[in-house]
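Chemist: Top to bottom, those sequences are chains A and B.
So for the first sequence, the numbering used here puts the first residue at 1; every next one is plus one.
So for the second sequence, the numbering used here puts the first residue at 1; every next one is plus one.
It is possible that part of the hints are untrue.
Partner residues aside, some chain B positions facing chain A, computed with beta carbon under 10 Å [what the hints assert, rightly or not]: (1) 130; (2) 132; (3) 185; (4) 258.
With a straight-line cut-off of 27 Å between C-alpha atoms, the simulated DSS-like cross-links for lysine-lysine are [as the list claims (entries may be wrong)]: (5) B/533 / B/410; (6) A/82 / B/190; (7) B/358 / B/338; (8) B/190 / B/135; (9) B/292 / B/358; (10) A/82 / B/302.
To be clear, the hints were calculated from the coordinates, so they are not data collected in a lab.
Idealized CB from N, CA, C, for every residue including glycine.
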Amino acid sequence: MTKAQSLRHLTKGEGVTQQIERHTISVMVDNEAGVLARVIGLFSGRGYNIESLTVAEVDAQRHFSRITVVTSGTPMIIEQIKNQLRRLVPVHRVTDLTVEGPSLERELILVKVKGTGEKRVESLRIADIFRARVVDSTIESFVFEMTGSTEKLTAFVNLMQPLGLVEVSRTGVVAISRGPEAI
Amino acid sequence: MATEPITGADIVIKALVDQGVEVIFGYPGGAVLPLYDALFKQNQIKHILVRHEQAAVHAAEGYARSTGKVGVVLVTSGPGATNAVTGLTDALMDSVPVVCLTGQVPTHLIGNDAFQEADTTGITRPVTKHNYLVKSINDVSRVIHEAFHVSRSGRPGPVVVDLPKDVQQAKFEYVNYANQRHRSYNPQLKPDRALIERAVDLMAKAERPLFYIGGGVVNSGTAASQLLTELVRLTGFPCTQTLMGLGAFPASDPLSLGMVGMHGMFESNHAMHDCDLMINIGARFDDRVTGKLAAFSPGSTKIHVDIDPSSINKNVHVDLAIVGDVGHVVEDMLRVWKARQAKPNGKALAAWWDQINKWRARECLRYRPSNDVIKPQYALQRLYDAIKDRDYYITTEVGQHQMWAAQFIKFEKPNHWLTSGGLGTMGYGLPAAIGVQIAHPEALVIDVAGEASIMMNIQEMSTAAQYRTPVKIFIMNNRWMGMVRQWQELLHGGRYSESYSDALPDFVKLAEAFGWTGLRATKPAEMDDIIKKMIETPGPVIVDVAVDEKENCFPMIPSGSAHNEMLLGPDDQKASPVSEEGMVLV
Chain A
1 MTKAQSLRHL TKGEGVTQQI ERHTISVMVD NEAGVLARVI GLFSGRGYNI
51 ESLTVAEVDA QRHFSRITVV TSGTPMIIEQ IKNQLRRLVP VHRVTDLTVE
101 GPSLERELIL VKVKGTGEKR VESLRIADIF RARVVDSTIE SFVFEMTGST
151 EKLTAFVNLM QPLGLVEVSR TGVVAISRGP EAI
Chain B
1 MATEPITGAD IVIKALVDQG VEVIFGYPGG AVLPLYDALF KQNQIKHILV
51 RHEQAAVHAA EGYARSTGKV GVVLVTSGPG ATNAVTGLTD ALMDSVPVVC
101 LTGQVPTHLI GNDAFQEADT TGITRPVTKH NYLVKSINDV SRVIHEAFHV
151 SRSGRPGPVV VDLPKDVQQA KFEYVNYANQ RHRSYNPQLK PDRALIERAV
201 DLMAKAERPL FYIGGGVVNS GTAASQLLTE LVRLTGFPCT QTLMGLGAFP
251 ASDPLSLGMV GMHGMFESNH AMHDCDLMIN IGARFDDRVT GKLAAFSPGS
301 TKIHVDIDPS SINKNVHVDL AIVGDVGHVV EDMLRVWKAR QAKPNGKALA
351 AWWDQINKWR ARECLRYRPS NDVIKPQYAL QRLYDAIKDR DYYITTEVGQ
401 HQMWAAQFIK FEKPNHWLTS GGLGTMGYGL PAAIGVQIAH PEALVIDVAG
451 EASIMMNIQE MSTAAQYRTP VKIFIMNNRW MGMVRQWQEL LHGGRYSESY
501 SDALPDFVKL AEAFGWTGLR ATKPAEMDDI IKKMIETPGP VIVDVAVDEK
551 ENCFPMIPSG SAHNEMLLGP DDQKASPVSE EGMVLV
């Protein structure tokens, strides 16, 4: 299901029609074996959506990893997801960046475009407009690197489609709250 | 305090002793030989050898639920661990504290498809509260102590500790980590005071209040049950119990409405539907209780007390959520109620009780008695009458007999009723009864069983014989998987697909084969004598009671229906067929 579809998708709970919402949730966990499997298993086992998920260690000294998960569901489901995550033993903190103040979301993408002639020039021109960088080049291909919001990256990919797009690799969303406060 | 280096297996045993463990239920195998060797060399922990690893977990559950302590299981790698999975899932669903130690192939063989290797932590991850693979001897003591803390605290549950064989054999110093604070897991026990004040406000104003109490009260400890009983009596509110909450409030108290839910009491379900204030204490709005969600208690304000925040607003939206341990919450409610000298709304409450008494007058447990065939309800009434003045524990298997036992056997105290509620595991009752009997050697422990369920862990008769645990199996033998047959009758046009118990053993001879005593009753007039004989016979006894093959379990909320649409008996059943929406539900 694409995001646009999922946003329009309505579900019934308790006889009340509830809107599906998209949330970005940050989960601080102990960086130990199996922790990612616990989080992913929770989502698949309980039938929750994962739109994207990223994970990396962010504090080597305390062995903290940060998982950023973008999910969608009714407000009741989103509440469940957060409570279920908090129940996992190696989870230290769960923060819903979508509701707890303003936040930033970024994603990184690598896009490979193959072609020659006018299409090749056009892809370079559009990449320039999007402030994408060329990180690899042959006579008949480019690899572009770009960071930005999910929407911007998707728009770029769509434009590259007719210009010889052959491969895409993207990281999924990482997010952080705005302002001086840390979570 | 550091000491001389000892083996990982010895560290495990030392940690278990420091955790107060007296009994382990288990089955040996290649990957746990060092642990069994360490067990052999000590005499503080008693090992009970079961005949199947699933039964080890159920026995540990029986031990845990009847004592309030953590049950401990020891099984080998591969098939030992996979056989334990059903028991672990059962313990998870019913929030029973169990620590299960599993052997594992040596660390250098993990991932190689070694003999008796299974990805135990992978397999058990979704069916445990938490699990560990201990890859280093340095972590053994810390992990064992942490496993007990995680298992028993907060909402209790099963924890698996997977111990590779080389880790059991390596040497390290033992350090006691018993009181170490956990770096991320610290469940909230004390409730927010302001929420308690609001709850008491609602209670004092309520016109049609109802306590709806569950297994969380039992898990919180006997003190919680006593405090809750005091609170219920102080308010004079009616109190209904879930299947798992039976015994948390005395059944003989006139304020008790008995069990709620699919096969609960008519008065309980109608009170749930019509109340204006529902005070849920330690229950989880399970689908067996709520029936059709859209029609669940439509006019009530709902208070929900639970130690697990993920239980709140999961199935039913509540108005006031109080996270905390039931014992603490009820103690605070009592204190606030008394400090304010609060009084219930007496006039409204009297009218509410008038209504409840009208529902009670329907006598929903009535059945057609017979002089020729033994009605299952009659058998249980006679059983209850014979045991009620003794120290009795009842376990059950799963099905019609389980519901009849819940309806006809009354409990005055918590921890005396043990049944597989969440998972509905056939084969639970016998091993659980053995676990109870190990913890309470002098008590009368009875597994109320069906002839189909009992076959699922029948091998445990051997365990009971070995340890001379005098458990009694009371088989309500109707020659059918009764609940399956009942649903096939109600939902599938009486097409009894594969639900007949064919080729049953002669249970009396089977008893004799295992060194038990076997008894049989076929006529109602024999019931009292047989029950008396069962109680008076020392050692384990099977009673094979030939009950009415066609009897269905009532009252019943048909699936997909609301609380006020209960069927009281076979005549109702014809009048209101199950909706198509209900057909897809289980």
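Chemist: Each of the hints needs a verdict: does it hold here or not?
Modeler: Results for each hint:
The beta carbon of residue 130 of chain B is positioned within 10 Å of a beta carbon in chain A (closest approach about 4 Å), and the interface hint is therefore held. Interface hint at residue 132 of chain B: satisfied, since its Cβ lies 9 Å from the closest Cβ of chain A, which is below the 10 Å cut-off. Evaluation of the residue 185 of chain B hint against chain A yields a held restraint, the C-beta minimum of about 5 Å falling below 10 Å. Interface restraint check: residue 258 of chain B against chain A, minimum CB-CB distance 27 Å, threshold 10 Å, status violated.
Proximity of residue 533 of chain B to residue 410 of chain B is assessed by CA-CA distance (about 22 Å); at most 27 Å being required, the pair is judged to hold. Restraint check: the Cα-Cα separation between residue 82 of chain A and residue 190 of chain B comes to about 21 Å, which is no more than 27 Å; the hinted pair holds. At roughly 31 Å between alpha-carbon atoms, residue 358 of chain B and residue 338 of chain B are farther apart than 27 Å, so this suggested pair is violated. A hinted pair counts as satisfied when its Cα atoms are at most 27 Å apart, and residue 190 of chain B with residue 135 of chain B does not qualify at roughly 36 Å.
Between residue 292 of chain B and residue 358 of chain B, the direct Cα distance comes to roughly 24 Å. Compliance with the 27 Å bound is thereby established for this hinted pair. With a C-alpha separation of about 22 Å, the suggested pair residue 82 of chain A and residue 302 of chain B falls inside the 27 Å cut-off, and the hint holds.
Violated hints, in rising order: 4, 7 and 8; the structure is consistent with all others.
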